[in-house]
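For the protein sequence lines, the chains are A and B, in the order given.
Each residue of the first sequence is one higher than the one before, starting from 1 at the first, in this note's numbering.
Each residue of the second sequence is one higher than the one before, starting from 578 at the first, in this note's numbering.
Careful: at least some of the hints might be erroneous.
[To be verified] To spell it out: a stretch of chain A is covered by chain B in this simulated footprint if at least three of its residues, at any positions, have a beta carbon under 8 Å from a beta carbon of chain B; those stretches are: (1) 119-129; (2) 384-391.
[Claimed, not checked] Below are the DSS-like pairs computed for lysine-lysine, each with C-alpha atoms no more than 30 Å apart in a straight line: (3) A/LYS314 / B/LYS587; (4) A/LYS266 / A/LYS346; (5) A/LYS182 / B/LYS699; (6) B/LYS769 / A/LYS373; (7) B/LYS687 / B/LYS699.
It should be emphasised that the hints constitute simulated quantities derived from the structure, not laboratory data.
C-beta: ideal position from N, C-alpha, C; glycine also.
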Amino acid sequence: MKRPIIQFDNFSFKYRTQMDVTLKQINLTIYEGEKILILGPSGSGKSTLSQCINGLIPNSYSGDITGTLLVCNKEPAKVGIFEMSKSVGTVLQDPDGQFIGLTVAEDIAFSMENECVAQPIMKQKVQEAATLVSIDHLLEQPPQELSGGQKQRVSIAGVMTEQVEILLFDEPLANLDPAAGKYTIELIDQIHQLSDTTVIIIEHRLEDVLHRQVDRIIVMDNGEIVADMNPDMLLSGNILTTVGIREPLYITALKYANCKIQEHQKPSQLNSYITEIEKNNIQTWYNSYTKEKTQEKEEEILAIEKVFFSYANKRPVLQDVQFTIKKGEMISIVGKNGAGKSTLAKLICGFEQVNDGRILFRGKDMANDGIAKRAEKIGYVMQNPNQMISKSLIFEEVALGLIARGLSEEETKQRVEATLKICGLYPFRNWPVSALSFGQKKRVTIASILVLNPEIIILDEPTAGQDFRHYTEIMKFLEELNRNHGITILMITHDMHLMLEYTTRGIVIADGKLIFDQKTSEILTNSNIVEQASLKVTSLFELAKACEIENPIDFIESFIEYDREVREHGADAILHA
Amino acid sequence: MAQMLSYMHKDTWIHRLSGVTKMLYFILWSIVGMVTYDTRVLMVMFVISIILFSMSKTSFYQVKTVFTIIGIFLTINILAIFLFSPLEGTKIYQSRTDLLHLFGSYVITKEQLFYEFNVALKYFTVIPVALMFIVTTNPSEFAASLSKLGVKYTIGYSIALALRYIPDIQKDFTEIKRAQEARGLDMSKSAKFSHRVKNMMAILFPLIFTSLERIDTISNAMELRGFGKKKKRSWYRERPFTKTDYVSIAFIFIFSVLAFVVTFIDGTRFYNPFI
């Protein structure tokens, strides 16, 4: 038996600023050299658990602890963050926020500097660590010039310079494009295999983490551990649905096709899992399901014509981009970090001006319309709601744009209230914004845009950092706006599930050029496009191939439609229809 | 905007100097420049400043805005001296050569012109060196040299970190500003001043919040990686002293001593061509 390295014994924790206990009676032992995934929805306590391990709790975030916790035979509460940092290396969620140095090399060297390591040794170790995560060619780069994935690799290299026993990854996949996320999971696996380090990953994106084997998965919900088992056992049970974690899509598809998920068959490995039984079931399901024809939209609302753009004297950001959008469409814009997606949105909203080409709204060139004028037709919702909210009460926040436009008090009140009702925020109208959750704040920002009656809304990463429950909530709301209120929606996203499930069409941008403009199911099955744009092939495609389905694109579309119906009406409704 | 008055990586002998050398040079140079009114010394310093400035390959674009601001201050300063004390030069040089009588007691004298010329010259001896120091010294190296000169490293590092985050906060600012403009808050010059101030508050509030978020993450990240654990730390960016460093330091010390000797040898800080 291996040596226990982390031991929680009847451990509870309550933040000083909160009424309720965040972690309840945790009993958990993690052994040396294990690779563990801690899974749970937002607010389940999984991040709190990780902060107990690295000592941020209770040293930076104070509160009351009962029970005991031993990490590498030390009590984090007693020895403090510095002492813990010798044993536990933490890679934080936000790769931007934790980049401390002015260049890559300095950032990697940061903890060695604090340890007073001599410069020649430092230079050598930086070189080694950078080579390990293949960023050695970027050592002199400032952080502004790196992609999210590269920044994260810098953070990983930084903790690799210390001889830590435990590596802690706090939501390593948030903010990364799909290909970078996949690479991160592979990199973590490689590091785990090369060293004897114990690896702990905190995430809610199960399918992405399972790209590589993990030893054990600990599922948390409401501050308690609800499951502690191997991935195969977890996938064959139904705990995931109960706590609101999305199971891998191929597992859902198998379940729809009446396959019983068997633990001994190792469902965490898709390719080896499929036997004749599964193949037959899937084929039967596919052949029996006929999907509805979707209606083509007709009326053109926005046209981008041969648009070129570059920031002053720099390399071109967008080159010869051309596409049209029809009224009532819901579209994804996808591509690598820094490919030019956000810039495109900024050009449409008039935040930046095109160097060449035209942007037409209902056939009329918008070149002479200012930001505020365009905002009445096209609204833009930023990724981080805190970047937009400037009033303390919800009503005031939503009313801001109308008051600025000089509307009468009466009309303002009427329009704000109507919008708040659509957004499900009416009961909270007199609440302070600070009392809302992240997802609700997001809703407030959408409401504050919606109140201006735009015909198109552009959202930058609408679901970033959201767990499945909140994600579904936001997306359902957007879908409703799209269907019932006829608002055209454009989303910039890294989330392949989102693109596949909620949007019919995807615009793929790579290195400033539009490389594909097609149905989303076709994008995620085209390996050439997937590679160029740093996306990820969906596991449904692999399932379709493994089951020898001739038209995988049609299979995926069928799944998406069926899945949506199941989630809307429950499985029984469809069976009896 | 982001490139303005911030460190630019270039490869000249000045860039290669250790931060400590540049800092010492800058401090001594400024002291001499502030103390002396000796025109000969100032002229020599002015020439050296210009030579160094051009050797550092600093483009004027980088420092243009700062130059303009300083230019305005200089003008105000010079006018103010004349306004409040039109015969200051006469007092200092103990001689009076009238050139032009304006009104009342306001007379332009040769001595006053010469005195004010010296004041302007002082500006121009120190400013190029100061700006050059900023644009040729890597902020981390600057922090390293501060700690070498005995300043607590947490202070030096905070300054370097602030410089590191200026571009990020500028970016946040622009994004928030545009998002608020899109909601109809006019921040252009066409809006009334009171409206503009009010609308600017709508940027400030979210900017402060996002910056606080940043600070929270960054301070956690720093603590988790042992910042502040020990009394001392080493520096990845610290440059070892080279021969050029020793030569430069020797030069600035000798120069300072000589400058003081030349300045004070006749008993005052001023060089007097009028007697």
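Pairwise hint evaluation, A/LYS346 against A/LYS266, where the allowed Cα distance is 30 Å at most: Cα-Cα ~46 Å, so violated.
Are the Cα atoms of A/LYS314 and B/LYS587 separated by 30 Å or less? Holds, at about 19 Å.
Starting from B/LYS769, check that the Cα of A/LYS373 is at most 30 Å away, please. holds, 19 Å
Hey, B/LYS687 versus B/LYS699, does the alpha-carbon distance stay inside 30 Å? Judged against 30 Å, a Cα distance of about 19 Å means the pair holds.
For a C-alpha distance cap of 30 Å, please report whether A/LYS182 and B/LYS699 respect it. violated, 60 Å
Coverage of the segment 384-391 of chain A by chain B, judged on three or more residues with CB within 8 Å: It holds, with 7 qualifying residues against the three required.
With a C-beta cutoff of 8 Å, work out whether three or more residues of the segment 119-129 of chain A approach chain B closely enough for the coverage to hold. With 4 residues in contact (Cβ-Cβ under 8 Å with chain B), the coverage given for the segment 119-129 of chain A holds.
Checked against the numbered hints above, the structure violates hints 4 and 5; every other hint is satisfied.
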